[in-house]
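Engineer: Residue-level listing of the chains:
Protein chains: 2
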Amino acid sequence: MQARFDEVKAQLQAALDTAMADLPKGELRDAMAYATVGGKRIRAFLVLESARLHGVTDQAALPVATAVEALHAYSLVHDDLPAMDDDDLRRGMPTCHLQWSEATAILAGDALQTLAFRLLTDEAIGDADARLRLIRAFSDSVGAKGMVWGQALDIAAETALEPLDLAAVKRLQGAKTGALIRFAATAGPLVTGEDLQPLDDYARALGLAFQIADDILDVTGDEDVTGKRVGKDDAAGKATFLSLLGLEGAKAEARRYANAAEVALEPYGEAAENLRELARFVIDRDT
Amino acid sequence: MQARFDEVKAQLQAALDTAMADLPKGELRDAMAYATVGGKRIRAFLVLESARLHGVTDQAALPVATAVEALHAYSLVHDDLPAMDDDDLRRGMPTCHLQWSEATAILAGDALQTLAFRLLTDEAIGDADARLRLIRAFSDSVGAKGMVWGQALDIAAETALEPLDLAAVKRLQGAKTGALIRFAATAGPLVTGEDLQPLDDYARALGLAFQIADDILDVTGDEDVTGKRVGKDDAAGKATFLSLLGLEGAKAEARRYANAAEVALEPYGEAAENLRELARFVIDRDT
Chain A
1 MQARFDEVKA QLQAALDTAM ADLPKGELRD AMAYATVGGK RIRAFLVLES ARLHGVTDQA
61 ALPVATAVEA LHAYSLVHDD LPAMDDDDLR RGMPTCHLQW SEATAILAGD ALQTLAFRLL
121 TDEAIGDADA RLRLIRAFSD SVGAKGMVWG QALDIAAETA LEPLDLAAVK RLQGAKTGAL
181 IRFAATAGPL VTGEDLQPLD DYARALGLAF QIADDILDVT GDEDVTGKRV GKDDAAGKAT
241 FLSLLGLEGA KAEARRYANA AEVALEPYGE AAENLRELAR FVIDRDT
Chain B
1001 MQARFDEVKA QLQAALDTAM ADLPKGELRD AMAYATVGGK RIRAFLVLES ARLHGVTDQA
1061 ALPVATAVEA LHAYSLVHDD LPAMDDDDLR RGMPTCHLQW SEATAILAGD ALQTLAFRLL
1121 TDEAIGDADA RLRLIRAFSD SVGAKGMVWG QALDIAAETA LEPLDLAAVK RLQGAKTGAL
1181 IRFAATAGPL VTGEDLQPLD DYARALGLAF QIADDILDVT GDEDVTGKRV GKDDAAGKAT
1241 FLSLLGLEGA KAEARRYANA AEVALEPYGE AAENLRELAR FVIDRDT
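Here the protein sequences come in this chain order: A and B. So the first sequence is numbered by this note's numbering: it starts at 1 and just counts up by one. So the second sequence is numbered by this note's numbering: it starts at 1001 and just counts up by one.
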């Protein structure tokens, strides 16, 4: 898996650079580039592996992976803003609004979302119907019934009188981080028009395992390794999988979801080994 | 023209309501709806008239017009934020971040951009190639080489040592307000794959006439009529068409562009009378 990850990372950075090469020079483009550097590229990896399982080449899937990472970068830039999570550290660097300005960070996020949609029109991906299927699923995943809705729920929870219960946290995270992960993991069958179900089941479970691990890292993690501030959820009195289940309970739940993710891949047999390894990795990572 | 405008307004509000009907209930959806109420609907009018001139029905063009107005609403919500233009009044109502919160305004703008792209996938518009042509042109118009780039130039100008000269103001406004107007006005030939040039020429001139009139209204307008604060450019020491040309010079320049817009419509003959009337209207309006 690691070799494939390294390959994905290199391809992605080159594709992001190319996608921004024809934009007018200036602070806006610099801030967009800044926001897209680094990252684990888990979502791009999901796109390329999902594609491979459905006979879609890396070359065809790369614009989709790039779109997903551009969208993810925009969501981080906006989530980090003072009016939102007010974060100062991301991927080991000052957040975009500190490096540049709040105005530039808002605009860079806006333009990264636009860029993501632009990338999904790339003819390399496949025929027009395939690209439109992707664009429609993508908009449903990242808009007001997907990722942005999850972020709105998260913001609302901060001022709610009662902390969320487990079902509400699952619903929130299923949208906030889950929706884009599901899009990424189903990109292959979206391109070919094949059955999404096994990869969608995989991604639902993977997303929850990933988020539980994130909640655990927020308490047990090291800022020098994670590249972002830790202990923030607890300080904010936020309901998380950890606050609701305890450390051992949360670890067990993460393992349960990681196993469920592996089981969902059965129809793909040996070919899905990289995705199985990813499910084990997300609950084991320290970053 | 007025009858057609009233028709467009009614169709638009219904289409926006329908587009948001299936979103999860809550503050995010309410803020999105709030941001899309009112407005002159000039961009929607351009889409529907451009479509009509190329034999595209209102029914087919309506999702495009709705996308353009959703995108425009997002741009206003983000432009009004404290970190940007810090406005408190828009369309006669408190700006979105004052009515709700900064976080909700950022997210509502984000989700309105997503919604705009979703609308452009609507099968009612035409075949898959037509929709992809629209999506590609749209992303070029509103992203980091179009509208958002113009807004970034505008923000940068506020802290520049020297005020912009006329060429720089034209370049800025050609992107900030011009790019979306050009997309709207060329929507018809974009759908049919026909020649964009006459309508693109029209829209370039119309956009500049519109912006000069806006600059004039910022000085001579009445807040009760415009529904937004006036005198802001001058207070900020911003270079505008008015500060560069004087009131009479700016009025003459607006007339010149409005005339050029009318001339560009010659290939369409009588059929383009509504668009000609619009060119006269934009320099004559008080709102």
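Some hints could be false.
List of simulated lysine-lysine pairs, DSSO-like, C-alpha gap at most 30 Å [unchecked claim]:
id: 1; chain 1: A; residue 1: LYS25; chain 2: B; residue 2: LYS1170
id: 2; chain 1: B; residue 1: LYS1040; chain 2: A; residue 2: LYS238
id: 3; chain 1: B; residue 1: LYS1025; chain 2: A; residue 2: LYS25
id: 4; chain 1: B; residue 1: LYS1232; chain 2: B; residue 2: LYS1040
id: 5; chain 1: A; residue 1: LYS170; chain 2: B; residue 2: LYS1025
Label-pair distances were calculated between CB atoms; the ranges are [as the list claims (entries may be wrong)]:
id: 6; chain 1: B; residue 1: LYS1040; chain 2: A; residue 2: ASP222; range: 50 to 60 Å
id: 7; chain 1: B; residue 1: GLU1270; chain 2: A; residue 2: ASP30; range: 44 to 54 Å
id: 8; chain 1: A; residue 1: GLU266; chain 2: B; residue 2: GLN1197; range: 49 to 59 Å
id: 9; chain 1: A; residue 1: LEU166; chain 2: B; residue 2: LEU1089; range: 54 to 64 Å
Treat the hints as calculated values from the structure; they're not laboratory data. By construction, the Cβ of each residue, glycine as well, lies at the ideal position given by its N, Cα and C atoms.
Engineer: List in ascending order the numbers of the hints, as given earlier, that are violated by the structure.
Structural biologist: Those not satisfied are hints 2, 3 and 9.
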